[in-house]
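Participant: Build out the structure end to end from the sequences listed, making use of the hints.
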Amino acid sequence: MIIPNRSEYLKQQARNGQKIMGVLPALYPRELLWAFDILPAEIWDPPGDILQANAHLQTTICPVVKQGLEFILKDPEIVTAGYLFPHTCDSLQNLATQVKDLIGISAPVYTFYNPKGAFRQATRNYYQDVLRELQTTLEQLHGPCDPEKLQTACQLGFKIDTRWNELQKAWMSDQLPVTNQEYFGLMRALEYMQPADYLELLDQVTVQDQTVIRNDTRLLVSGILPPDIETLSFLDELKVRIVADDLLAGSRRIPIVCMDPPYDPMEHLTDRFFMLPPCSTRANSLAERSHYLKTLIAKSDAQGVLFNIVKFCEPELFDHQFLVKSLKSAGLPLLNLETELQPGLSGQTKTRIEAFIEMLDDQVTA
Amino acid sequence: MSISARLKYSFMKDIGAPALMSLKDLKPRRARAVSKAFGPPLQSNKRLKEILSRHYFLARYAPGAKQVAWVTSGAPVELLRTFDFYTIYPENHSALIGAKKQGADYCAIAESAGFSQDLCSYARIDLGHLLSGKTPAGKLPKPDLLFCSNNICQTVLYWYKAIAQELNIPLIHFDAPFVAIEQSQHDVRYMAQQLQDMIPILEQVSGKVFDLKQFEIILKRSQNSSMTWGRVLECMQSKPAPMTIFDAFGHLAPVVSLRGLPVAQDYYNILLEEVEDRVTKGIGAITNERYRLIWDNIAVWYKVRFLATFFAERNMNFVTATYTNAWAETTGFLDVKDPWSSMAKTYGQIILNNNLKHRLGLMKKMIRNFSVDGMVMHSTRSCKPYSVGQFDLRKALSTELNLPAVILDADIADERVWSEQQIQTRLEAFCETLEDTSLV
Ligand code: SF4
Ligand code: SF4
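Chains A and B supply the protein sequences, listed in that same order.
Position 184 of the first sequence, counted from 1, bears residue number 184 in our numbering, the numbering being contiguous throughout.
Position 39 of the second sequence, counted from 1, bears residue number 1039 in our numbering, the numbering being contiguous throughout.
No lab work stands behind these hints, which were simulated from the structure alone.
Ideal Cβ placement from N, Cα and C applies to all residues, glycine included.
Treat the hints with care, since some could be wrong.
Distance windows between CB atoms, simulated [said to hold, decoys possible]:
(1) A:Leu334 / B:Asn1269: 42 to 50 Å
(2) A:Gly17 / B:Ile1181: 51 to 59 Å
(3) A:Thr295 / B:Arg1006: 44 to 52 Å
Example chain B residues on the side facing chain A (calculated, C-beta under 10 Å, incomplete) [to be verified]:
(4) Gln1043
(5) Thr1155
(6) Arg1359
(7) Leu1362
(8) Met1366
Facilitator: Listed below in structure tokens is the structure:
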């Protein structure tokens, strides 16, 4: 399995005349963009130093927002169809209007409000209204939305979700012979790949009939983003496997249950939104989140939880207190890592990880 | 609800609280040294203190007599008032603690329970209070219900989810979609529907039936209070301004936490009368008002006196603020004939739920209407929706209007964030620029 490099893949797509839209975290109707022949390129943690963004944002703003702005200010040539800001948190909400109304970039800026209301009929109806509004807005620049293309896009999205459900199960039950790095690389490739290419890539992953991995230490990771490449490969070295994830950039964007094949695109996209796992950025109660995590831990047989917290991320930090309390009282060992999205794994973090893993291993042998 | 609790509450409301307030009047107070730069203080200050003390005092008798709700400052409280909830505003309570310079202590309690220091300090103080039971208000009742709206920030939703979990009580959330360009019909429809969907839940929690007539009366009263508050603020367009924005930070409390009650309406009538009288007589809040300033963002509660004195002694008066204006700006949308949609328009479009183009336009208007010479922006660590974008707002206003401006890095209620030396230096440099600009 060869996962195409993000930057090279997008450059190639741009050379082929593909329309590319930069999309900020986290939840948005990717199928709608696909139907307009727009390739979403998600902007979570683009590499590079934060230089220009510091003139626009306070030091206490999370690095996802800062890196995102830094990327936008560079005015990358590959982004030809503007930027989409889904409504995720206060910082991203303001960044959208800051970029559009104050900094004033030349590319179009779109917003998409993910309702935070309780999951009732009014919220469902509203979500559909917001979907239609985005569709109408895109039609103004990209022409009418072809219903067939939207249906096909939903089919592709559905296949991807279904395949991921299988892969997650296989990963939990040790039937997926890939490393942590490969697993999350695969997951995150959807942030920039064409759905058809992505499905091909997923098809290259072979699920084994039987358990193929044993004796690894098993962890669940929770947070916004997976640990960086250095940390993942260090975990690989230590024979630690992240067997399940509760990541906003990961499985919190995959419906909990297998959905029915799409019949009506708008209904399908709405169902999909409401079937996503509990998340700090949505209306779910803390009890729901903690219950979901515990179920995931039980299903995956995880021995402990690694919280990978993005510095200054309010939604996660609020939930974190209760989740820690609740998991600790269930006897689960936890490790908290804070990330500012800068590459490199410090000696101190390595030592903390090693100590944590030793403690988990001791528990097993005790 | 128990009969004895109700009787006790009524007794305290009608006899106990007024008696206690008059006793407080008799108690000798330590006179604070006030700078000569200030004009005569507002007479209404005394009434304000009485109202707020009474509100917190009566709160301890509410359990058993009334259902208690904790409410966010931007939530459509009129609906709760119709069901006769006793409402407590944790933000207001946290500001009070901040003003007493006790914010850090309460934050530390929340932090030792695992809440990050990077969270909004109003939330941390409130959680510190919740976990310890400590409060300078004597005793605060625990809520039966939580009512929040993300029209001020998403933070309140996370914060209230944490309280709901801790106390195992219902949380009603009013989802107010952010106005990225302008409010759409479906935004209004969604919010109006949510409000109506709340009625059965509120009926269940309160044990009372929804009374539309009563609701309309409360809405009207709420609108009147907010509009009167708006007129009080408008009086500050006069030169000299009859009060400072630091006064207004305090006089704002009833419109935030007693909105919809007769006491708030009565209070703003008194305040307006006094302020108008000062305008007629030319009485200024500071003795020599030479420069007029605008304040952006929430107050630095633990440094209100310091800042008020610092500027007054340099003949500078804050005559307007985006913060104090927030409870007056959208009230005009309220319409008793169309309560649900009009509430959606009122509550959905407040400054923190509106885009920065709107904020920039509003600030320009305020700068013009209030003859503003300079701007102080408080960039607060706590509040992302108020602070993200300020650097560019400042740039736009400084460039387009040639307005001297300074940004203060501080926090609303956690005094550990304040760096006196650095801030004083910045403020002095700002004052110099302002004075130099006016010489040109
Ligand atoms: S990391 Fe947290 S605060 Fe930052 S953009 Fe994501 S959700 Fe918002
Ligand atoms: S200070 Fe800001 S973040 Fe905190 S509760 Fe108020 S509006 Fe929300």
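Participant: Next step is simple, just say for each hint if it's right about the structure.
Facilitator: Checked hints:
For the pair A:Leu334 and B:Asn1269, the supplied restraint of 42 to 50 Å is violated, since their beta-carbon distance comes to about 56 Å. A C-beta distance of roughly 30 Å is found between A:Gly17 and B:Ile1181, which places it outside the suggested range of 51 to 59 Å. About 45 Å separates the C-beta atoms of A:Thr295 and B:Arg1006, a value consistent with the hinted range of 44 to 52 Å. Because the closest C-beta pair between B:Gln1043 and chain A is about 39 Å apart, greater than 10 Å, the hint is violated.
Against a cut-off of 10 Å between C-beta atoms, the interface hint on B:Thr1155 holds, since the closest Cβ of chain A lies about 6 Å away. Because the smallest distance between the Cβ of B:Arg1359 and any Cβ of chain A comes to about 9 Å, under 10 Å, the interface hint for this residue holds. This hint is violated: B:Leu1362 has a C-beta 13 Å from the nearest C-beta of chain A, more than the 10 Å allowed. The criterion of a C-beta within 10 Å of any C-beta in chain A is not met by B:Met1366, whose closest approach is roughly 17 Å, and the hint is violated.
Checked against the numbered hints given earlier, the structure breaks hints 1, 2, 4, 7 and 8 and satisfies all the rest.
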